[in-house]
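Chains as they are written, first to last, in my numbering: chain P, 1 to 482; chain E, 483 to 588.
Do not take every clue at face value.
[Unchecked claim] Here are the simulated DSSO-like cross-link-like pairs (lysine-lysine), alpha carbons at most 30 Å apart as the crow flies:
#1 E:509 <-> P:23
#2 E:509 <-> P:283
#3 E:509 <-> P:24
If you're looking for bench data, these hints aren't it; they were derived computationally from the structure.
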Amino acid sequence: MVNPVVWDIGYLVSAALFILGIKKLSSPKTAPQGNRLGAYGMLLAVLVTMAKMQNEGIIGIELIAGGLAVGTIIGVWMATRVEMTGMPELVALFNGFGGGASALVGLSEVLDRMASVDGIPTESVDLYATWITIGLSVLIGCLTLTGSLMAMGKLKGGFYIPLTKKDDRGRSKWVNFPTWGPPWLNFVKGGLLVASFVLIWLTIQNPENKDFVYALVGVACLLGIVFVLPIGGADMPVVVSLLNSMSGIAAAFTGFVIGNNVLIIAGSMVGAAGLILTFIMCKAMNRTLTAVLFKSFGGGGKETVTRTKVGSDPEEVAMVCDGISKCVIIPGYGMAVSQAQHAVKEFADLLEAQDVEVSYGIHPVAGRMPGHMNVLLAEANVPYEQLIEMDEINSELPECDVALVIGANDTVNPVARSGEGPLGGMPIIDADKARVVVIIKRSLSVGYAGVDNDLFFENKTMMLFGDGKKMMNELNAAFKDL
Amino acid sequence: MIDEVTLVASITVFILAIFLGFELISKVPPTLHTPLMSGANAISGITIVGALFLSNTEFNAGHPGLAAWLAFAALVMATINVVGGFMVTNRMLEMIAGKKNRKRGD
Numbered sequence: 001m002v003n004p005v006v007w008d009i010g011y012l013v014s015a016a017l018f019i020l021g022i023k024k025l026s027s028p029k030t031a032p033q034g035n036r037l038g039a040y041g042m043l044l045a046v047l048v049t050m051a052k053m054q055n056e057g058i059i060g061i062e063l064i065a066g067g068l069a070v071g072t073i074i075g076v077w078m079a080t081r082v083e084m085t086g087m088p089e090l091v092a093l094f095n096g097f098g099g100g101a102s103a104l105v106g107l108s109e110v111l112d113r114m115a116s117v118d119g120i121p122t123e124s125v126d127l128y129a130t131w132i133t134i135g136l137s138v139l140i141g142c143l144t145l146t147g148s149l150m151a152m153g154k155l156k157g158g159f160y161i162p163l164t165k166k167d168d169r170g171r172s173k174w175v176n177f178p179t180w181g182p183p184w185l186n187f188v189k190g191g192l193l194v195a196s197f198v199l200i201w202l203t204i205q206n207p208e209n210k211d212f213v214y215a216l217v218g219v220a221c222l223l224g225i226v227f228v229l230p231i232g233g234a235d236m237p238v239v240v241s242l243l244n245s246m247s248g249i250a251a252a253f254t255g256f257v258i259g260n261n262v263l264i265i266a267g268s269m270v271g272a273a274g275l276i277l278t279f280i281m282c283k284a285m286n287r288t289l290t291a292v293l294f295k296s297f298g299g300g301g302k303e304t305v306t307r308t309k310v311g312s313d314p315e316e317v318a319m320v321c322d323g324i325s326k327c328v329i330i331p332g333y334g335m336a337v338s339q340a341q342h343a344v345k346e347f348a349d350l351l352e353a354q355d356v357e358v359s360y361g362i363h364p365v366a367g368r369m370p371g372h373m374n375v376l377l378a379e380a381n382v383p384y385e386q387l388i389e390m391d392e393i394n395s396e397l398p399e400c401d402v403a404l405v406i407g408a409n410d411t412v413n414p415v416a417r418s419g420e421g422p423l424g425g426m427p428i429i430d431a432d433k434a435r436v437v438v439i440i441k442r443s444l445s446v447g448y449a450g451v452d453n454d455l456f457f458e459n460k461t462m463m464l465f466g467d468g469k470k471m472m473n474e475l476n477a478a479f480k481d482l
Numbered sequence: 483m484i485d486e487v488t489l490v491a492s493i494t495v496f497i498l499a500i501f502l503g504f505e506l507i508s509k510v511p512p513t514l515h516t517p518l519m520s521g522a523n524a525i526s527g528i529t530i531v532g533a534l535f536l537s538n539t540e541f542n543a544g545h546p547g548l549a550a551w552l553a554f555a556a557l558v559m560a561t562i563n564v565v566g567g568f569m570v571t572n573r574m575l576e577m578i579a580g581k582k583n584r585k586r587g588d
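Okay, chain P solo, but in the shape it has when bound (with noise of 0.2 Å):
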């Protein structure tokens, strides 16, 4: 036998592995090596595990390879074929994953103690100490995996339902995802929290009731249903941010459950991260949690546009273009989703031969998910110092000659300096500011949160209808053809 200090020795290794790595993620030079460590951490767990295991007699260690592989083989496929746009919806997937993995952990272990006589703890502090944490790990994971599968269906905006039947262009019916959210559902929220924890006091006086068990499981998947219900818009990556704090806190009291401490130490790490980092994303659109959660936002009756606007053409734009000194390129996820993002920089690569100052200003929930933009448009070369973050960026733009938005909307909408609707008190880039506002994008319909633009009825501005790579490319041949 191996003296089981080995194994604790190794855990503390890849704890101290996660915290480097999560400290060295939060600084763009060593973000990369920072990703690194906590992977090294991750495969040190597991391959300590899987020594203490051998050591103590392993039999189904097929299966155990065969769970690994299989999870491997899925993980590799999904990461590797994820368009750069579809980044959003698929964090919020393998958070629900990493949510549901803790909640079958503690149900696995629950039906197993169960089970067998001597399972159920008789002392009292064994008793509360086992079945609260365990009632807590599956309560959390569980409305981590609804709640995180919801976020993701509202980010890609709804699903094609299989098998219906094909329209003229070849695809199945689509349904928009719903955002629905009465002041009541609140209290209904409210009431399946208190049933949960009603539940878990009901497994601690009925130990071997298993019906509580599977109720508990219910009532936790319905309540990550019905929080994420209400939420819709902008607000969605700030639930996808708390989400993943909450998954870290399921894999801490799964550390409770097993009595393993690196688990406690990496989920409880990891649920503090997540939790400051979202405060700061609701710091920046200026908005405070509780709002976020409990008041809905926008999806829900969508204004209908009855203004119309005649829209330019490319070559228009390049010739306002053509002489200026200044030009402030504005994405949203219009570009993310036409791929926009190579045309982009191709168009401020002819500005800068004609020496004109180009910059990138980026609202900080441009896209679905803070950081979206950046990693697109470096993704495209764009260098690091001309994305320009939203306070910076305002004071730059009255000195503007010429403001590209593309495929960006409601971080634009200068209704929301009104502090009324659904965006008020939102921060937003002032693109009006500037001399000319050149709009690329698909129709004048309204944008995420549901809101007319009066921007896009601006004299000054011109609007370009159209595909957002489709357009970027023909105004940079016409631009050419000057």
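Given the coordinates of chain P, work out where chain E should sit on it, guided by the hints.
Quick look at chain E alone, frame taken from chain P:
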């Protein structure tokens, strides 16, 4: 078995790690918010250790019942979370750092 001593020790570790987490990421540039979220998410897949232990004990215990298959499902999910999470984070960070492997001429 959780007795008083282990419980208090576990809670101590729990609380201290929470404070550590708060201190670790107080300053992060917005560019790194998404990779950080994704990387932290991969680390929360540490629950894979729990899934491994449980799969082992459950499949050891004679004929596998519901608990065993739940543990197996947990193992698969946790592995997806861990492997996919670290890989996706790595992809994002490579793009931010501008180090692209475009050697194959695409």
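Hint check:
1. E:509 <-> P:23: OK: residue 509 (chain E) and residue 23 (chain P) at ~10 Å, within 30 Å.
2. E:509 <-> P:283: Distance of about 13 Å is within 30 Å: holds.
3. E:509 <-> P:24: Holds, at about 11 Å.
The structure agrees with every numbered hint stated previously.
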